[in-house]
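S.K.: Mind docking chain B with the ligands on chain A? Use the hints.
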Amino acid sequence: MLSGLTRFGSLYDAAVTRFGGRARPGVARDALWLNVVERSQVADGVVSLRLGGPALPAWQPGCHLDLHLPSGLRRQYSLCGDPGEDTYRIAVREVGAGSREVQALRVGDRIQVRGPRNAFPFAGLGPVVFVAGGIGITAILPMVHAAARAGLDWRLVYCGRSMAAMPFLDELPVGHVDVRIGRGGALLGDASPRGAVYCCGPASMLDQVRAEFSSRWLHFERFSPPPIVDGRPFTVELRRSGVSLDVPADRSALDVIRDFRPSVAYSCRQGFCGTCDVGGVRICVDRPTGDRLVLEEL
Amino acid sequence: MEPDNLVLQPRDVQFDWSTLPMHWVPDEPVTTHVMNVLHLLLPEGERWFVRTFQQAVPLISDDTLREDVLGFIGQEAMHAEAHSEVLDHLLANGLDPRPFTRQMEHVFQRILAPRPGLSEEQARDQLLERVAIVAAIEHFTAYLGDWMLNADALDKAGIHPVMLDLLRWHAAEEVEHRSVAYDLMCHLDRRYVRRARTMLLVAPVLFWLWVRGARFMVHADKSTRVRLTWREFMRASRRGLLPRLSEIFRAFLRYFHPAYHPKQEGSTAQAIAYLASSPAAREAH
Ligand SMILES: Cc1cc2nc3c(=O)[nH]c(=O)nc-3n(C[C@H](O)[C@H](O)[C@H](O)COP(=O)(O)OP(=O)(O)OC[C@H]3O[C@@H](n4cnc5c(N)ncnc54)[C@H](O)[C@@H]3O)c2cc1C
Ligand code: FES
Ligand SMILES: [Fe+2]
Ligand SMILES: [Fe+2]
Numbered sequence: 001m002l003s004g005l006t007r008f009g010s011l012y013d014a015a016v017t018r019f020g021g022r023a024r025p026g027v028a029r030d031a032l033w034l035n036v037v038e039r040s041q042v043a044d045g046v047v048s049l050r051l052g053g054p055a056l057p058a059w060q061p062g063c064h065l066d067l068h069l070p071s072g073l074r075r076q077y078s079l080c081g082d083p084g085e086d087t088y089r090i091a092v093r094e095v096g097a098g099s100r101e102v103q104a105l106r107v108g109d110r111i112q113v114r115g116p117r118n119a120f121p122f123a124g125l126g127p128v129v130f131v132a133g134g135i136g137i138t139a140i141l142p143m144v145h146a147a148a149r150a151g152l153d154w155r156l157v158y159c160g161r162s163m164a165a166m167p168f169l170d171e172l173p174v175g176h177v178d179v180r181i182g183r184g185g186a187l188l189g190d191a192s193p194r195g196a197v198y199c200c201g202p203a204s205m206l207d208q209v210r211a212e213f214s215s216r217w218l219h220f221e222r223f224s225p226p227p228i229v230d231g232r233p234f235t236v237e238l239r240r241s242g243v244s245l246d247v248p249a250d251r252s253a254l255d256v257i258r259d260f261r262p263s264v265a266y267s268c269r270q271g272f273c274g275t276c277d278v279g280g281v282r283i284c285v286d287r288p289t290g291d292r293l294v295l296e297e298l
Numbered sequence: 001m002e003p004d005n006l007v008l009q010p011r012d013v014q015f016d017w018s019t020l021p022m023h024w025v026p027d028e029p030v031t032t033h034v035m036n037v038l039h040l041l042l043p044e045g046e047r048w049f050v051r052t053f054q055q056a057v058p059l060i061s062d063d064t065l066r067e068d069v070l071g072f073i074g075q076e077a078m079h080a081e082a083h084s085e086v087l088d089h090l091l092a093n094g095l096d097p098r099p100f101t102r103q104m105e106h107v108f109q110r111i112l113a114p115r116p117g118l119s120e121e122q123a124r125d126q127l128l129e130r131v132a133i134v135a136a137i138e139h140f141t142a143y144l145g146d147w148m149l150n151a152d153a154l155d156k157a158g159i160h161p162v163m164l165d166l167l168r169w170h171a172a173e174e175v176e177h178r179s180v181a182y183d184l185m186c187h188l189d190r191r192y193v194r195r196a197r198t199m200l201l202v203a204p205v206l207f208w209l210w211v212r213g214a215r216f217m218v219h220a221d222k223s224t225r226v227r228l229t230w231r232e233f234m235r236a237s238r239r240g241l242l243p244r245l246s247e248i249f250r251a252f253l254r255y256f257h258p259a260y261h262p263k264q265e266g267s268t269a270q271a272i273a274y275l276a277s278s279p280a281a282r283e284a285h
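First to last, the protein sequences are chains A and B.
In this text, residue positions in the first sequence follow this note's numbering: the first is 1, and each later residue adds one.
In this text, residue positions in the second sequence follow this note's numbering: the first is 1, and each later residue adds one.
Excised from the complex, chain B in its bound form:
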């Protein structure tokens, strides 16, 4: 009885960061900073999702899908704001994320912006490619969301509760809306070739940005002398604090299966159950 017909509702969440320590996974600076990359990438990335989907709304000829896309836009807009508040907190506590976030602004506001001087047909085609890129990224956010909701090791490690709630709230909404971008892509262009090539583009770029972001954070954090190494990463993922690379790679491959649909990733029922008990999501009404 998996509900796959949710009306997506943005939740007006609030988080209080005043007690967040620098290493919010206790004694795990590397894990903390690998996860901090979320806060570096997401605000700009999700604002770009919002702009892209707003441009796509007039192209939708299916009422249910239009409603889904509007709900998706609302949720992603809230995610972006919630994560950027963490950046403000980091800055106030002596870790300046701006050298990196400025680069993300360049990526999402310039490289991925609509290019000027295109014919109407070309502009539309470019928009479809952007939508497919979002769909590929959303495959990973759904995978990570599902992982996050099930990663009991995070509870055991004593993560700062407000941060855990932010991550799980976001994770649950990613699971909740995991089909929207894919359905929108298929509604506008259902060719396999577009799905496949955008994933081939997205996966390596995302991976590379993640490594750069994590390295940046570890360097920028003056309170620790550990370095980001594969050994550190493997150790953390063996502890269950980070997803295993082999699992991520398997998720990447699943996207190429001809019968793939995001519904197969994660559980909506579990997401709803979390949202019904999340301190932040419950305050949101």
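Looking at chain A on its own, in the form it has when it is part of the complex:
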């Protein structure tokens, strides 16, 4: 049977390459150009922007936009408005160069975005506990509203450094909200063991939630990749390209190689999917025992 299939395969391939005709590529989906239609300071260090444009694609709680900033930086921001509105709202905390550039936008400016994309989908099943830390409220807020609207059994724990630094306190549905200043104490308290937990906040908060709650129903989003602890700097040598790149202690080989070649393949960035595999090395997490990593195929 296999010899028949093999022969058929070669005939088919030969016919297609000879008579298949010319491929007609599709058009690339264009990134959106949006206008800043509103800008306001919503908390200390946090600016919210409303972006408008014709026929904005629909979105769901958990979605974010990819902003292509004029400097060439790309940064993601969660949509924190109402999916029913005809503008997108984001809120940005000042951290470094990218967020400062976003905060410097003014009403009337144009900005290129990609998305919305959802890496943190809300399944809409109760009972559910939301845990937000600081600016992480942006991703959580539309979920809280969706849960309240759907009549789910929900609860929100919202932590921040000070009331003044916490955006959207005035927009939370009343009744099931636990606002906390500073850290300490259990985050989940009496979270129903059969309920889901959606968490968005700094790495330390996520660690605490994981410690308190078996991971089975825990969903979370990180605004930055998990920090690399105990990393040592090394040099990665790309044999085929003939270059050597320095990887600092707090970055992965993938991060550094992506700066050099943006098309390099990756997916989970946490070492389990194997997409970034180069000759048996998962470049998103693997580090050499010595100070040199050689990749033959890159």
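Bear in mind the hints are in silico, worked out from the structure with no lab data behind them.
Remember, predicted model here, so these are calculated numbers, not experimental data.
Hints may be right or wrong, so weigh each one.
To be verified - Keeping only pairs whose Cα atoms sit at most 25 Å apart, straight-line, the calculated SDA-like set for lysine to any residue is: (1) B:LYS263 x B:ASP16; (2) B:LYS263 x A:ALA119; (3) B:LYS156 x B:ALA269; (4) B:LYS263 x A:PRO25; (5) B:LYS263 x A:ALA31; (6) B:LYS263 x A:VAL27; (7) B:LYS222 x B:PRO204; (8) B:LYS263 x A:PRO54; (9) B:LYS263 x A:PHE19; (10) B:LYS263 x B:PHE249; (11) B:LYS222 x B:LEU91; (12) B:LYS263 x A:ALA58; (13) B:LYS263 x A:ARG114; (14) B:LYS263 x A:ASP66; (15) B:LYS156 x B:LEU91; (16) B:LYS222 x B:ASP16.
M.R.: Just chain B with the ligands, lined up with the frame of chain A:
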């Protein structure tokens, strides 16, 4: 409010097969083995998807699509590993699947491998044809995924819970990423003729491999004397344990509709809801 803009994330799932019986659909050896064909075909098939799409990544000029394709690759790689663990379990329990899986290796590693000695343009064209073949197969995986998520009869039949979770986890991810291969094909070549001819190729070959695989499994299983017959198959599909042939045929025809898009098959919201409650997917974080 169907979310069609998911960032595809591979989930690092684990399954414990230690308690899996030979007939994991109780008292249904034929149904079990027809479904076991998934484990025979998928590991090699999905690894081939991964290789094919990895070759196609440099051809993509759309950032969102590139991200989708990378997520797709990650998910399919996980599927392949999960299914091949079932094969290991079968082998350890006295059912040797290797005579069949060796043939699948031949199909996916040789017949469908890139052919040597082609010009750059021919090689590219061949790659596009492979991508279109994947898109046609993914139409069926999306159909089957949707069927699997909705087949309440499987719960009632008392399927082994770990196997049901594997099947539904895979089904949900197939539904989740059902547009990726099609979108990639259209990005590289949007001609109807390529879509149509690859489906005409894929459907009969897949059907034939499935029948062969099921027959192989039933023969290789020494613990039962039933045989794979149409009557048995029809009975199981009437019970809702297998999809009906007429439904599969209708799905096949839908692919030829000029306005076809995989989004029309299945529900992303349902897939997310399953993944949020799947024991294996929830352990994956
Ligand atoms: C899916 C997703 C959604 C996001 N949503 C939002 C959102 O809604 N709102 C929002 O404000 N951000 C959000 N972010 C984060 C955002 O994309 C940027 O990473 C953030 O604005 C920082 O970018 P930057 O260029 O200003 O800082 P960079 O210069 O890129 O600095 C990045 C990293 O440096 C460190 N760092 C630098 N300066 C400081 C500092 N002063 N304090 C603490 N750490 C520092 C942090 O580890 C930080 O992650 C999201 C990220 C993702 C992935
Ligand atoms: S990107 Fe998934 S293993 Fe590296
Ligand atoms: Fe799959
Ligand atoms: Fe798939």
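S.K.: So, for every hint listed, does it hold in this structure?
M.R.: Status of each hint after checking the structure:
no.: 1; hint: B:LYS263 x B:ASP16; verdict: violated, 33 Å
no.: 2; hint: B:LYS263 x A:ALA119; verdict: holds, 18 Å
no.: 3; hint: B:LYS156 x B:ALA269; verdict: holds, 23 Å
no.: 4; hint: B:LYS263 x A:PRO25; verdict: holds, 20 Å
no.: 5; hint: B:LYS263 x A:ALA31; verdict: holds, 21 Å
no.: 6; hint: B:LYS263 x A:VAL27; verdict: holds, 19 Å
no.: 7; hint: B:LYS222 x B:PRO204; verdict: violated, 29 Å
no.: 8; hint: B:LYS263 x A:PRO54; verdict: holds, 23 Å
no.: 9; hint: B:LYS263 x A:PHE19; verdict: violated, 31 Å
no.: 10; hint: B:LYS263 x B:PHE249; verdict: holds, 19 Å
no.: 11; hint: B:LYS222 x B:LEU91; verdict: holds, 13 Å
no.: 12; hint: B:LYS263 x A:ALA58; verdict: holds, 15 Å
no.: 13; hint: B:LYS263 x A:ARG114; verdict: holds, 20 Å
no.: 14; hint: B:LYS263 x A:ASP66; verdict: holds, 23 Å
no.: 15; hint: B:LYS156 x B:LEU91; verdict: violated, 28 Å
no.: 16; hint: B:LYS222 x B:ASP16; verdict: holds, 24 Å
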